[in-house]
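Go by the hints and put chain Y onto chain U.
Residue numbers (this note's numbering), protein chains in the order written: chain U, 1 to 326; chain Y, 1001 to 1276.
A few of these clues could be false.
[Said to hold, decoys possible] Facing chain U, according to a computed beta carbon distance under 7 angstroms, are these residues of chain Y, among others:
1) Ala1091
2) Arg1093
3) Leu1096
4) Pro1098
5) Asp1106
6) Tyr1107
7) Met1115
8) Phe1260
[Said to hold, decoys possible] Selected chain Y positions facing chain U (in silico; Cβ < 7 angstroms):
9) Ala1065
10) Thr1069
11) Arg1087
12) Thr1104
13) Phe1105
[To be verified] FRET-style restraints, in silico, Cβ to Cβ:
14) Val13(U) to Lys1078(Y): 33 to 41 angstroms
15) Ser134(U) to Thr1072(Y): 33 to 41 angstroms
16) Ala127(U) to Pro1245(Y): 20 to 28 angstroms
It is worth saying that the hints were derived from the structure and are not from the lab.
Each residue gets a CB set at the ideal place from its N, CA and C atoms; glycine is no exception.
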Amino acid sequence: MLTLAGFGGLALVACAVAPLVGSTPIDVRRVFDRSVPFADNVHAQIFFLARLPRVLAAALVGCALALSGVVFQALLRNPLASPDTLGVSAGASLGAMLAIALNADVRLAGVPAVPLASFAGSLGALAIVYALASARRRGSSTTVLLLAGVAITALLSAVVRFVQFVADSNQTLQSTRWLMGSLDVGSYPPLVAALVPTAAAAAAMATLPRMLDLVSVGTESAAARGVNVERAERVALISASLATGAAVSLAGPVAFVGIVVPHLVRLIVGAHHRLVLPAAGLFGAAFLVLCDLLARTLMAPVEFPVGVVTAVIGGPFFLWLLFRRR
Amino acid sequence: MLQALDVSFAYSRTDGGAGASAAAAVPGKTGRVVDGVSLRVERGLIVGLLGPNGSGKTTLIRLLAGLLTPQTGEVRLKDQPIARMTRREIARRLALVPQDTQTTFDYTVLDMVLMGRYPHLRTFALESPDDVAIAREALAATGTDTLEYRYFSTLSGGERQRVVIAGALAQASDLMLLDEPTASLDLAYQIEIAGLLRRLSRERGTTIVLSTHDLNLAAGTCDRIALLKHGCLLADGPTAETMTPSMIAQAYGVTADVRFHDQAGHLTVTPLARCH
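Just chain U, same shape as in the assembly:
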């Protein structure tokens, strides 16, 4: 409990401090100074319009990716599984690429076309994976799921590259930026659009922890202990894919958060999913907010994509983990 509170505190502090730090120094007292009208208050504008949406997006995306990483690793009984493993990220990328290439200019409740299309793409990928999984319902289907995920990711990535290739150079630049992962969302509506599916997924995951413990030890023994394995796997697969889709639609495919955070958290709180899930959600939020802070400030005023920072931190950590296990 104390550790969870610690992770919660870390997430809150990160979210509170991060918007105050950046290439342009701002003053906290001026930000909340009610005597100056908002239109004239540059400090408040930077805080509320430029930085806060970005920090909240980082927290939301970090939380969603870490949660779905935990669920995928337990579901597939594979510590190296990640939110990208089943092709959901690739589906989201393809959706976004198509929206960029076609110059789609649709808006739904203030949400621009790119996140909309990428969320639709992630749901499409989920539908394919889910259909494959149910086609081989009984028996051990996790290997089939993993391999199908690899195949679908390869296929969709090829289509993504083709779309990039035929698009004009301006669009190629835009899509390359998107594929690197960036939290520069610019406004609040896309945030809300990603928050809704993430919250629904988190609520569904809240029913799962003990089942994930049992399923991670083996589906047959889990079933023999009274777990409705089919239902648990369905809830886990759909909720984790929903959270991944929401995160990718908001920020692009941010690498390594979904794989590194669950492992880091397990080192601290142990294996029990009733601790790992909430701790990973909170730590994932703090982790991505801090990574984005580095991305914004290291080469200020140039802001580079947060996906670069997470990959630079996540890659070596991942290797360390791999060799530590041997």
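Frame of chain U; chain Y shown alone:
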């Protein structure tokens, strides 16, 4: 206690994994992996399921555990049809020990045994002190109480299997099904597990059904033996009556010398040659 009444089962083509390969291994025209098997498991006995590869042992265990639903016939648990019980209801009365248990994450021995309490807990409930007491008692009964805080993944094969059996005891101490419990263990651990199962049966009255390829282990452990071939029941009776050279020849196609071993205190089987 547990009863199969004329139970038959065939895997359909869409079933994946172990089931499909087991089905492919059976040459019978019907594709039935288990074919009209009737079996009564009396309270307090140790019953061994024997038979060559693909004879339907594992499938029969899964049918008895309610993990598979037979196409014909029914399985009754304490005189109730198992098909009408929920998974949790079954799990509170009957525990299954799989052949080999591997953990993906680092659970402690106590965690692993507490997982056996799952069917007794509500969705959001934490394990109560009672559950922990039951788990500790199961650890003591299997001689693994000194391993309580070790990580499961660091244990030896024999220790691991004892911990999984402790989890089964914490789940349902009355009735336990074990699928080849000694298949991946070396000689010392095989004897250890066999001794543990006999002690559980003697001291706690646990009813045990186990499948095995090890005829000597079965001869030394089981009160009754059911011999399967091509999914059909070849013989079913007290160990001394079923463990005969002619039955072994019929089931396995192997001539064998069967004699009582004074020091071991039970029948022993020495396979001699393949029959032609």
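* Provide an ascending list of the numbers of those earlier hints which the structure does not satisfy. => 2, 8, 10, 14, 15 and 16
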